[in-house]
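Colleague: What follows is each chain in one-letter form.
Number of protein chains: 2
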Amino acid sequence: MDGTVRFLDQTRLPNEEMYVETSDCTVIAEAIIALQLRGAPLIGIAAAYGLVLGVQRYKHAPVEKFLQEFEESKLLLMKTRPTAKNLFWALERMEKSIRLTSIKDSSMLFDIVQREAASIHAEDRAMCDAVGKFGAELIPQNAIILTHCNTGALATGGIGTAFGVIHTAAQQGKNIFVYADETRPLLQGSRLTMWELKNNTIPSALITDNTAAWTIKQKKVNVIIVGADRIAANGDTANKIGTYNLAILANEHGIPFYIAAPSSTIDLSLSSGDEIPIEERSADEVLFISGKRIAPDGVSAFSPAFDITPQQLITAIITEKGIHYPPYTVSLTKASGI
Amino acid sequence: MDGTVRFLDQTRLPNEEMYVETSDCTVIAEAIIALQLRGAPLIGIAAAYGLVLGVQRYKHAPVEKFLQEFEESKLLLMKTRPTAKNLFWALERMEKSIRLTSIKDSSMLFDIVQREAASIHAEDRAMCDAVGKFGAELIPQNAIILTHCNTGALATGGIGTAFGVIHTAAQQGKNIFVYADETRPLLQGSRLTMWELKNNTIPSALITDNTAAWTIKQKKVNVIIVGADRIAANGDTANKIGTYNLAILANEHGIPFYIAAPSSTIDLSLSSGDEIPIEERSADEVLFISGKRIAPDGVSAFSPAFDITPQQLITAIITEKGIHYPPYTVSLTKASGI
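Residue numbers (our numbering), protein chains in the order written: chain P, 1 to 338; chain X, 1 to 338.
Honestly, the hints are just simulated from the structure, not real lab data.
Check the hints yourself; a few may be wrong.
The list treats identical chains as one, so a pair stands whether inside a single copy or across any two.
Stated by the list, open to error - Calculated lysine to any residue pairs in the SDA-like style (CA-CA distance at most 20 Å, straight line):
1) 133 x 282
2) 217 x 313
3) 292 x 16
4) 59 x 103
Being a predicted model, the structure only gives us computed values, none of them experimental.
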């Protein structure tokens, strides 16, 4: 019998906790496209397991067939979303795991593939712990923190990236309060981050995205921390739409703006953010909320899923390797290299 | 038979065009609280007519009774919303209209009250035309404009304030494109402004509020123009939550940030924005969209309806008297005085 992958359909949260169990790589690919599985690190893990599902039926087939199916599943998964580096990183790592061996037996190759996916998953868990620990050093006692989108356990294989920092600071007994941007259009902040904040009993409040500036000023926010989908060699960072806005606000109010992400999010092949492909999603994601039309028939919407924050607005980038400061061309190259 | 007021319930737009007809001042007060009637200038007009409804039953009563009912209706209407200056301005003007006469006859006082409400309405229409004309001078050919909330015919007695400027520029044959912030929590941008843009066939697209920064950068927005709910003597401006955010973005990207409003929005009694009362609305407006819960049970939300934009971020303030530049303490005093 085939192995299966079981995942939480995040589009149903917070109203419903529905799990999907599948042995089909296509279901994983579609879940990534539909954002049932989302968050850059989790996309990488999901793609790795998706690839395992894609080849498991061929573990007794001739090795050529196995490799051909591997390629097809990989291409299918690669096409799901363009921005998050972790997707491509995970798929390339899976590929390397079998390319770097002289083994020509499907069953043994399948074992390698399976182990590699499990490693990616386990390493992500450890990565979150390390990001959390490094990042928590930057969170002062009595911090008022603002975050965006969802970067917690739902988005990763562990406690999260930016959320992992928040989580670790809270675990250390620091008295913190978190404002979460709701993060339109798909409300990952209200649906997912508030769910994780509540589950971890971290004092918090939800705000609409356009309340961020006023909240920073009135509530004396002193740290903004978010995740990342791809970081160029110079530090320019693609992350959920609205991140660039927040970085400008941090700069205007003289507070630090931190990115927290695994080093696998760093893409040294791109010299700046100008080269990062930005996914534009369906206008309907803006024109409808929970299936209900909120704008008149026939109007247009501009719906980029991400934006690019220029490196000069980023105070530091936290990875599992440590805290990286400008000049990022130097610090990120080092972080990627170790 | 009593006179009636007929108004469009704006909370039902764009899905339903439902009109409410009433002869009851309380219905008007409740409609203002519930945002069925909204937009600072329209709130002023609605309050004036509400006052007419409040006293019409007493036009044959003894003058003391008439004046007592006038006061009670006025107090009821004053308590509806705290931020928009136009509400208080209109009610004070209504009161002055009967206080400044020696007439002691209810029926004649009622005529005065009725005429004053009609004047406030008619003047608002003329105000919009003038704001539109002055403001359109600031809109270049091929302008890419960003606006927030709703400031059009729905929010005023005429073509609108910030929207009046957009409307006039389009009427003048200028080739413009408008990005409208959806304006969470109550989506006045998507529901109302997109409806007005569509009805006026002005090329446009809707964006989520957090897409503003990226849109300004990517789509080369060159003007931001919004309305106002109250303007302090120094130019600090209260307007729909998210306005302060946009003003920071305009400043960061080196583009002008304009406020368009009637001079009745100026409150010379307040030296700065620190003194403007900011309405905080129910957390449920953030936690629910179209009646559907979007965040987990039991979480908190911070829901200010307005924010204050400091005067140094405002390029100019457009009223029916002209275009007012800094120092606003001088230019606004002049605008209020004429």
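Colleague: Does each hint fit the structure? Answer for all of them.
Modeller: Hint-by-hint comparison with the structure:
1. Taking the shortest alpha-carbon separations for residue 133 and residue 282, neither the intra-copy value of 37 Å nor the inter-copy value of 37 Å comes in at or below 20 Å.
2. Taking the shortest Cα distances, residue 217 and residue 313 sit within 20 Å of each other both inside one copy (18 Å) and across copies (15 Å).
3. In this assembly of identical chains, the alpha carbons of residue 292 and residue 16 lie at most 20 Å apart whether taken from the same copy (18 Å) or from different copies (13 Å).
4. Proximity of residue 59 to residue 103 under the C-alpha cut-off of 20 Å is restricted to the intra-copy arrangement: shortest distance 13 Å within a copy versus 99 Å between copies.
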